[in-house]
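Protein chains: 4
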Amino acid sequence: MQLQIGSSRITKKTSRLPHEIILVHCPDEVGLIHRITGVLASQQLNIESNQEFVDVTTSHFFFRAEVSLSTSCSTQSPAQLKNALAHVLPEQASIRIVSCEPRPVVICATQEPHCLGELLLLNAVGELPGRIVAVISNYNSLRKLVERFDVPFHLVSHEQITREEHEQRVAELIDTYMPETIVLARYMRVLTNNFVDRYSGQLINIHHSFLPAFVGAAPYRQAFERGVKVIGATAHYVTAELDAGPIIAQDVIPVDHSFTSRQMAQAGRDVEKIVLAKAVRLVLEDRIFVHSGRTVVFS
Amino acid sequence: MQLQIGSSRITKKTSRLPHEIILVHCPDEVGLIHRITGVLASQQLNIESNQEFVDVTTSHFFFRAEVSLSTSCSTQSPAQLKNALAHVLPEQASIRIVSCEPRPVVICATQEPHCLGELLLLNAVGELPGRIVAVISNYNSLRKLVERFDVPFHLVSHEQITREEHEQRVAELIDTYMPETIVLARYMRVLTNNFVDRYSGQLINIHHSFLPAFVGAAPYRQAFERGVKVIGATAHYVTAELDAGPIIAQDVIPVDHSFTSRQMAQAGRDVEKIVLAKAVRLVLEDRIFVHSGRTVVFS
Amino acid sequence: MQLQIGSSRITKKTSRLPHEIILVHCPDEVGLIHRITGVLASQQLNIESNQEFVDVTTSHFFFRAEVSLSTSCSTQSPAQLKNALAHVLPEQASIRIVSCEPRPVVICATQEPHCLGELLLLNAVGELPGRIVAVISNYNSLRKLVERFDVPFHLVSHEQITREEHEQRVAELIDTYMPETIVLARYMRVLTNNFVDRYSGQLINIHHSFLPAFVGAAPYRQAFERGVKVIGATAHYVTAELDAGPIIAQDVIPVDHSFTSRQMAQAGRDVEKIVLAKAVRLVLEDRIFVHSGRTVVFS
Amino acid sequence: MQLQIGSSRITKKTSRLPHEIILVHCPDEVGLIHRITGVLASQQLNIESNQEFVDVTTSHFFFRAEVSLSTSCSTQSPAQLKNALAHVLPEQASIRIVSCEPRPVVICATQEPHCLGELLLLNAVGELPGRIVAVISNYNSLRKLVERFDVPFHLVSHEQITREEHEQRVAELIDTYMPETIVLARYMRVLTNNFVDRYSGQLINIHHSFLPAFVGAAPYRQAFERGVKVIGATAHYVTAELDAGPIIAQDVIPVDHSFTSRQMAQAGRDVEKIVLAKAVRLVLEDRIFVHSGRTVVFS
Numbered sequence: 528m529q530l531q532i533g534s535s536r537i538t539k540k541t542s543r544l545p546h547e548i549i550l551v552h553c554p555d556e557v558g559l560i561h562r563i564t565g566v567l568a569s570q571q572l573n574i575e576s577n578q579e580f581v582d583v584t585t586s587h588f589f590f591r592a593e594v595s596l597s598t599s600c601s602t603q604s605p606a607q608l609k610n611a612l613a614h615v616l617p618e619q620a621s622i623r624i625v626s627c628e629p630r631p632v633v634i635c636a637t638q639e640p641h642c643l644g645e646l647l648l649l650n651a652v653g654e655l656p657g658r659i660v661a662v663i664s665n666y667n668s669l670r671k672l673v674e675r676f677d678v679p680f681h682l683v684s685h686e687q688i689t690r691e692e693h694e695q696r697v698a699e700l701i702d703t704y705m706p707e708t709i710v711l712a713r714y715m716r717v718l719t720n721n722f723v724d725r726y727s728g729q730l731i732n733i734h735h736s737f738l739p740a741f742v743g744a745a746p747y748r749q750a751f752e753r754g755v756k757v758i759g760a761t762a763h764y765v766t767a768e769l770d771a772g773p774i775i776a777q778d779v780i781p782v783d784h785s786f787t788s789r790q791m792a793q794a795g796r797d798v799e800k801i802v803l804a805k806a807v808r809l810v811l812e813d814r815i816f817v818h819s820g821r822t823v824v825f826s
Numbered sequence: 528m529q530l531q532i533g534s535s536r537i538t539k540k541t542s543r544l545p546h547e548i549i550l551v552h553c554p555d556e557v558g559l560i561h562r563i564t565g566v567l568a569s570q571q572l573n574i575e576s577n578q579e580f581v582d583v584t585t586s587h588f589f590f591r592a593e594v595s596l597s598t599s600c601s602t603q604s605p606a607q608l609k610n611a612l613a614h615v616l617p618e619q620a621s622i623r624i625v626s627c628e629p630r631p632v633v634i635c636a637t638q639e640p641h642c643l644g645e646l647l648l649l650n651a652v653g654e655l656p657g658r659i660v661a662v663i664s665n666y667n668s669l670r671k672l673v674e675r676f677d678v679p680f681h682l683v684s685h686e687q688i689t690r691e692e693h694e695q696r697v698a699e700l701i702d703t704y705m706p707e708t709i710v711l712a713r714y715m716r717v718l719t720n721n722f723v724d725r726y727s728g729q730l731i732n733i734h735h736s737f738l739p740a741f742v743g744a745a746p747y748r749q750a751f752e753r754g755v756k757v758i759g760a761t762a763h764y765v766t767a768e769l770d771a772g773p774i775i776a777q778d779v780i781p782v783d784h785s786f787t788s789r790q791m792a793q794a795g796r797d798v799e800k801i802v803l804a805k806a807v808r809l810v811l812e813d814r815i816f817v818h819s820g821r822t823v824v825f826s
Numbered sequence: 528m529q530l531q532i533g534s535s536r537i538t539k540k541t542s543r544l545p546h547e548i549i550l551v552h553c554p555d556e557v558g559l560i561h562r563i564t565g566v567l568a569s570q571q572l573n574i575e576s577n578q579e580f581v582d583v584t585t586s587h588f589f590f591r592a593e594v595s596l597s598t599s600c601s602t603q604s605p606a607q608l609k610n611a612l613a614h615v616l617p618e619q620a621s622i623r624i625v626s627c628e629p630r631p632v633v634i635c636a637t638q639e640p641h642c643l644g645e646l647l648l649l650n651a652v653g654e655l656p657g658r659i660v661a662v663i664s665n666y667n668s669l670r671k672l673v674e675r676f677d678v679p680f681h682l683v684s685h686e687q688i689t690r691e692e693h694e695q696r697v698a699e700l701i702d703t704y705m706p707e708t709i710v711l712a713r714y715m716r717v718l719t720n721n722f723v724d725r726y727s728g729q730l731i732n733i734h735h736s737f738l739p740a741f742v743g744a745a746p747y748r749q750a751f752e753r754g755v756k757v758i759g760a761t762a763h764y765v766t767a768e769l770d771a772g773p774i775i776a777q778d779v780i781p782v783d784h785s786f787t788s789r790q791m792a793q794a795g796r797d798v799e800k801i802v803l804a805k806a807v808r809l810v811l812e813d814r815i816f817v818h819s820g821r822t823v824v825f826s
Numbered sequence: 528m529q530l531q532i533g534s535s536r537i538t539k540k541t542s543r544l545p546h547e548i549i550l551v552h553c554p555d556e557v558g559l560i561h562r563i564t565g566v567l568a569s570q571q572l573n574i575e576s577n578q579e580f581v582d583v584t585t586s587h588f589f590f591r592a593e594v595s596l597s598t599s600c601s602t603q604s605p606a607q608l609k610n611a612l613a614h615v616l617p618e619q620a621s622i623r624i625v626s627c628e629p630r631p632v633v634i635c636a637t638q639e640p641h642c643l644g645e646l647l648l649l650n651a652v653g654e655l656p657g658r659i660v661a662v663i664s665n666y667n668s669l670r671k672l673v674e675r676f677d678v679p680f681h682l683v684s685h686e687q688i689t690r691e692e693h694e695q696r697v698a699e700l701i702d703t704y705m706p707e708t709i710v711l712a713r714y715m716r717v718l719t720n721n722f723v724d725r726y727s728g729q730l731i732n733i734h735h736s737f738l739p740a741f742v743g744a745a746p747y748r749q750a751f752e753r754g755v756k757v758i759g760a761t762a763h764y765v766t767a768e769l770d771a772g773p774i775i776a777q778d779v780i781p782v783d784h785s786f787t788s789r790q791m792a793q794a795g796r797d798v799e800k801i802v803l804a805k806a807v808r809l810v811l812e813d814r815i816f817v818h819s820g821r822t823v824v825f826s
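Protein chains in written order, with my numbering: chain A, 528 to 826; chain B, 528 to 826; chain C, 528 to 826; chain D, 528 to 826.
Do not rely on the hints blindly, as some may be mistaken.
Stated by the list, open to error - Derived pair list, reagent style DSS-like, types lysine-lysine, alpha-carbon separation capped at 27 Å:
id	chain 1	residue 1	chain 2	residue 2
1	A	Lys671	A	Lys805
2	C	Lys671	A	Lys805
3	B	Lys805	B	Lys671
4	A	Lys805	D	Lys805
5	A	Lys805	C	Lys805
6	B	Lys805	C	Lys805
7	A	Lys671	C	Lys805
8	B	Lys671	D	Lys671
9	B	Lys805	D	Lys805
10	D	Lys609	B	Lys671
11	C	Lys671	A	Lys671
12	C	Lys671	C	Lys805
13	D	Lys805	D	Lys671
14	B	Lys805	D	Lys671
Unchecked claim - Interface residues of chain D toward chain A, partial, derived using beta-carbon atoms under 8 Å:
id	residue
15	Val557
16	Gly558
17	Ile560
Derived from the structure by calculation, the hints contain no laboratory data.
Glycine residues also receive a C-beta, built at the ideal position from the N, C-alpha and C atoms.
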């Protein structure tokens with residue numbers, strides 16, 4: 528399914544990613560890094576890189592390491608490593624050991640091709656650290672674009688069924704692919720709390736953002752009328768409160784009075800696809816913690 | 528490329544600026560540029576640069592030209608030029624002829640030095656196309672900073688008087704300087720409609736801007752809690768509706784999870800001073816039209 | 528705000544673009560705009576937007592207008608309009624009348640998919656104001672990517688033939704498509720002066736750019752060793768002097784010490800594709816003049 | 528000498544800075560963080576924040592922590608802490624313990640006020656994490672600007688003496704202030720290797736940077752003629768090889784064809800002062816390591 532640019536590309540991707548990623552967060556206390564690195568050293572794990580952060584406001588500790596196994600040894604499994612870490616860490620510690628297999632991603636979209644296309648393209652040329660396994664849409668208009676990339680396209684129409692029924696069908700489809708991450712690439716459906724809860728921590732959304740914010744319909748019309756000078760985009764995890772989930776990435780691009788509202792919308796699409804691609808890469812490389820409604824991003 | 532702080536600077540500034548700036552806006556119709564440039568050509572005015580824009584949404588025409596007089600001739604005054612232009616333009620046309628003298632600016636501030644200091648510094652080193660003639664504050668804490676630059680500092684305390692009395696005293700002080708532009712450089716006073724009307728089109732304000740916008744107190748605390756990834760600033764004309772006046776300039780700077788709310792506030796100050804300085808320069812070079820609540824900026 | 532990939536898109540594009548674009552440049556003299564707009568007014572042409580610039584250093588005048596015909600009249604052809612303009616302009620004036628048909632573009636590439644893919648994607652979703660009619664490569668590795676988009680892919684191997692023979696074959700292929708614009712999307716061939724001359728003003732190239740510039744092989748290795756903090760890209764017209772043609776667009780993205788040279792190369796690819804797409808859009812919308820080795824970009 | 532914005536400002540600065548900064552770098556080996564944090568834990572030092580980085584290319588380890596002492600205990604001195612760390616680290620390890628006193632800075636300038644003024648202003652309003660103790664110039668033209676801020680200004684004319692004699696006088700003056708950091712804020716003197724060696728690792732310089740780079744005189748004239756679309760600035764440590772020292776910070780700002788070479792120079796000054804201020808703040812907060820000609824910046 529993936530474009531091969533000669534075999535060297537495969538090698539590049541593999542060698543670029545480490546063998547295991549270790550993610551730990553817990554209430555801060557003295558000596559945490561000392562204890563974690565003690566476990567790693569005792570198992571002859573080579574720390575390729577690590578990042579650590581203490582949020583002094585909430586007194587919470589975050590740790591991410593990319594480690595490689597010494598060749599000769601280490602018959603230990605990730606589960607055993609996790610146990611060993613749990614043994615030295617506070618009870619409330621969250622510990623994740625992630626292998627570097629590219630993980631499956633499902634994309635939900637509606638009718639706009641810009642964000643979806645960008646992700647499909649990155650996937651096709653080997654620049655997405657994951658694997659898009661399916662696209663689900665409530666319209667048929669994106670089918671051709673998706674099929675260009677040999678990715679399965681599923682139409683789940685929302686017509687003549689309830690919101691709950693529609694979500695149920697979408698969820699059943701999603702589940703057949705067992706993705707860890709579901710990207711809402713301009714998926715123009717209001718989600719029920721039920722759906723959001725079902726995929727808690729797995730849903731990533733993108734929306735345009737303005738200074739100041741505009742409520743109500745036709746935001747680009749409002750942005751035009753207000754004469755804004757930048758247009759932004761925000762990628763975030765989805766939570767029950769609409770558009771208020773933890774922010775993963777944001778950026779803006781400049782516009783000026785000569786932009787019509789249609790050209791502002793074009794600028795908005797340009798920045799949306801860049802910000803969403805950045806966020807999806809960060810998520811797929813396991814560089815993000817969510818805690819107390821905020822992200823810690825080890826980029 | 529060298530800068531002299533002294534009289535030579537004046538020469539440079541003068542030579543950089545054209546002799547006259549012509550600003551016209553009116554409902555669009557066929558042949559407007561033809562008619563304007565006809566008047567200029569007939570008076571042997573040399574167009575050093577010009578910019579023209581038609582807002583197709585409102586069907587409104589904007590024109591700005593920097594012109595120089597041919598040496599030999601042109602005993603015509605700006606008033607005569609304006610008359611000649613009015614003669615060929617629609618009745619509703621707004622016509623301004625501005626000479627390139629650096630114009631007086633008054634700054635109102637409260638206690639924060641970052642925006643005020645930036646403007647005073649640009650003024651001192653000859654990089655502001657205007658002249659700061661006074662600073663007015665409702666506290667005394669910025670006095671020393673202002674006096675470093677040999678600019679008059681006026682304390683107008685708001686204590687033990689009504690808002691209206693305070694504004695009246697400030698206005699009387701402002702009026703002694705006859706400024707065309709009044710910059711609110713973090714002036715933390717709510718203005719009455721009366722004051723805003725009195726200086727309609729003359730008041731420039733700066734405020735921090737967030738994606739998403741935060742209402743209520745302690746915005747940096749909220750920005751921190753929401754984990755924003757950019758912090759912005761907006762410079763705008765002041766109108767009766769708070770913070771909703773026509774936008775002159777906007778920009779953002781990146782922040783991340785490692786910023787405390789105090790460091791976010793520092794980042795906010797950094798971007799505020801850059802955006803305000805940009806806006807003030809644009810205003811003082813007469814590069815801005817305001818129409819239908821939006822600016823047209825010929826930068 | 529919704530995008531239809533299908534025939535409705537054409538309508539949108541057409542309605543967004545004006546009916547004719549008029550481009551004039553010539554040595555500056557008094558009254559040029561007056562004369563041009565006089566011709567337009569006399570033909571009942573509606574100026575949708577126009578931009579004008581005088582390069583005071585070279586005393587050269589540039590003018591671009593988007594005009595629409597009044598419905599009732601105007602049996603005049605573009606050729607007649609051009610004649611009418613030539614009649615009132617200096618002899619040396621360059622005058623172009625361009626209709627708004629999306630024009631054919633040929634892309635030359637070698638083995639890297641990022642720039643090529645971005646252009647193919649924009650083309651597929653209707654966000655490129657032109658039409659990619661063919662891709663030519665000296666390797667076969669990009670074939671699959673191109674064919675995903677139903678665009679003809681031509682392999683012209685450079686093996687076992689001279690540079691001149693290879694270029695001759697490429698040129699013959701290009702000419703069958705009669706493109707106005709040829710985009711070198713990471714086309715890693717040194718071009719002969721002969722080839723550059725043959726397509727003078729039609730070739731657009733993209734290359735990475737560093738502060739400071741690095742000469743010699745492995746620039747990303749050098750950028751890494753020097754610890755640069757930004758990586759840039761430059762899109763430019765191709766002239767005989769390598770990489771010294773008129774610049775169309777430039778931008779940079781931030782990097783830091785944690786980037787390996789491979790990750791710097793990834794960052795470089797990200798900015799290259801953004802800058803090239805921007806440049807190609809500007810070219811296809813006829814927003815660029817080239818004069819005295821510089822571009823004037825009416826964006 | 529410093530502007531006091533009420534006593535709260537002092538508090539803010541003090542509370543913002545940690546009590547001690549620990550900087551370690553050495554060849555990487557297993558268990559380094561474990562050993563360092565073990566020493567810190569055993570001394571009841573609270574890690575407020577820390578950052579760690581392994582440069583896998585050179586296999587070199589970098590560590591920075593901000594630590595606070597528990598109130599009740601710790602009669603240990605920085606020297607004792609350093610010894611304890613040295614005891615557990617490789618012999619080649621570089622260990623620095625820095626207290627958070629704002630450190631003295633000397634600025635060398637020539638005639639341009641923009642970078643100097645920005646630093647003086649930040650210093651005056653309490654936004655520079657250091658203390659400017661003197662300005663030295665080979666011209667007298669900046670005296671007034673410096674004296675506005677009650678900072679000693681020293682004229683050391685280069686006329687009628689050799690380069691070596693001039694540098695000797697400058698060095699003697701610098702040494703009376705015992706600064707750790709010397710900022711060359713557009714100091715237009717070619718430095719001898721002797722001078723550079725004397726202040727190895729202490730000299731910070733700013734210069735404009737272009738894409739592409741321009742050699743020879745009048746770079747802004749060249750940038751104009753080449754029609755560049757961005758203008759940048761680079762702040763770096765000074766080494767024997769001119770402008771090739773380790774890069775601390777870089778940024779660019781957009782320009783276009785409408786900028787004269789004088790306006791490009793203005794844009795260059797704007798970005799220079801922003802980049803230099805950023806670099807000086809990073810240096811004064813001890814966020815920078817230099818190794819193998821590159822910086823590691825823990826921002």
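Of all the hints numbered above, which does this structure not satisfy? Sort the numbers upward. 10
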